[in-house]
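All chains, full assembly: derive it from the sequences and hints.
Numbered as in full-length UniProt numbering, the sequence shown ends at 448 without a single skipped number.
To be clear, the hints were calculated from the coordinates, so they are not data collected in a lab.
This structure is a prediction, so every number in the text was calculated from the model and none was measured.
Idealized CB from N, CA, C, for every residue including glycine.
Hints may be right or wrong, so weigh each one.
Stated by the list, open to error - Label-pair restraints from in silico Cβ distances: (1) 265 - 445: 19 to 29 Å; (2) 426 - 187: 34 to 44 Å; (3) 340 - 303: 30 to 40 Å; (4) 373 - 428: 16 to 26 Å; (5) 440 - 193: 20 to 30 Å.
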Amino acid sequence: MGYGKSEDDLPARRKRAVQGLLDRNASIIQALAVLGELRGSCGPSSAEHALFVEARDNLPVMSVFAGAEEQQLEGGACNASISSEAACRGEAGDKSMPESGGQALGKPQAIGEPDNGGCQQGVLETSDTFPRVASLASWGGSGLQRACSSMASLHSLPSLRSWAAEFCKYQGLGNDFILVDNRHQKEPVISPEQAARVCDRNFGVGGDGVIFALPAETGSVDYAMRIFNSDGSEPEMCGNGIRCLARFVADRDGSGPSQHRVGTLAGLIQPSILEDGQVCVDMGEPILEGPRVPTTLPPTQGHAVVRAPLEVQGREWLMTCVSMGNPHAITFGTQSGGFQVADLDLPDIGPVFERHQVFPARTNTEFVEVLDRGHVRMAVWERGAGQTLACGTGACATVVAGVLEGRTERKCRVDLPGGPLHIEWRAADNHVFMTGPAELVFSGTLQL
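Structure, rendered in structure tokens:
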């Protein structure tokens, strides 16, 4: 490899190398090999530079980490700043660079021993050519490797901690999720864009969403839930997802039958693991006021939107709108009558409902066929996920809508393509309860 190339063609060579790397979906260690020729092209001509690459927001990123000797990165495309995060294990005496606000870096400084036995991570942020953050210095095993490691030793480094996450895949009636236990830190270890790639069924693990167990922020919850849909969007709640999350946490903690208090964007949700392995979830009270669902359809029953007409693809559908912490639009048919769920072309009609202008936050749409007053069949088009085999909040919203329209009892079986859920809207406290399965599929490690 050559190390004495001028900086004139550096941006172009960087971009070509990075793009080639991303096209091959190579690992971080391959990144070092592919980009090795660029070592020494920034700052002093030293053999002690390490190069790292990452893609954030679909934008290639490269950063140069100076060695542990008294040397300095000069200006231009190599300007950088460094900060710390509690994410990797730094040992006293290992070298880092001080924060510089994007200016040329000064002399390296030693990483101190964390006071609380925690850990530190160096994060290098380029200020000119690639304006995104690249995570560095998260070597697993015995701790942080020296920044002055040679390229030869860098080629054999173990995987970076910040680039890997253990996961378990669970499914509830075929609605499948990638679960990550992140209760040791407040933020998910991957971005929404990475979540979408992980959910890809051809190029990733495959799933309807990625769910993180996060630490409790108040004493009123045991842990918090954060979920990304398969398109990278973030819903407020997911019924099947929270059943899977509760089962995942119970399995990891070895707690068996147990009750959980989970903080979500929709508020406190309380799932319980039953003796037979089923999960019963207190979903709280449904929200019926149109602006809070939200929908701009006019109220037709007090403050609720019940059997409100909505024209879609030349047909006038009758919609009842309910929020279970996330928005749902439920239809039992059109002005001219009902339908059979099997006859619907969901990929054709579902997106039209989801993005209709009367739903400012988009919506989940449930198409329901009544079999009897205690039994319905439902198909769902989920906001951000499309056609799925099941939707727990959708099943809850369907029973609420069925009661409001006088079609069903408060206790009802809801058949979905993935199997049945049992829903009860209790008159005593106005809470909706959902009972259904959550099962482990497999586990593994994500290379992020």
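So, going through the hints one by one against the coordinates:
The supplied range of 19 to 29 Å is met by residue 265 and residue 445, whose beta-carbon atoms lie about 28 Å from each other. In this structure the hint that residue 426 and residue 187 lie 34 to 44 Å apart at CB holds, the actual value being about 36 Å. Against the hinted window of 30 to 40 Å, the Cβ-Cβ separation of residue 340 and residue 303 comes to about 32 Å, which satisfies the hint. For residue 373 paired with residue 428, a C-beta distance near 20 Å keeps the hint of 16 to 26 Å intact.
One distance hint, 20 to 30 Å for the beta-carbon pair residue 440 and residue 193, holds here, with the actual separation near 27 Å.
Taken one by one, the earlier hints all hold for this structure without exception.
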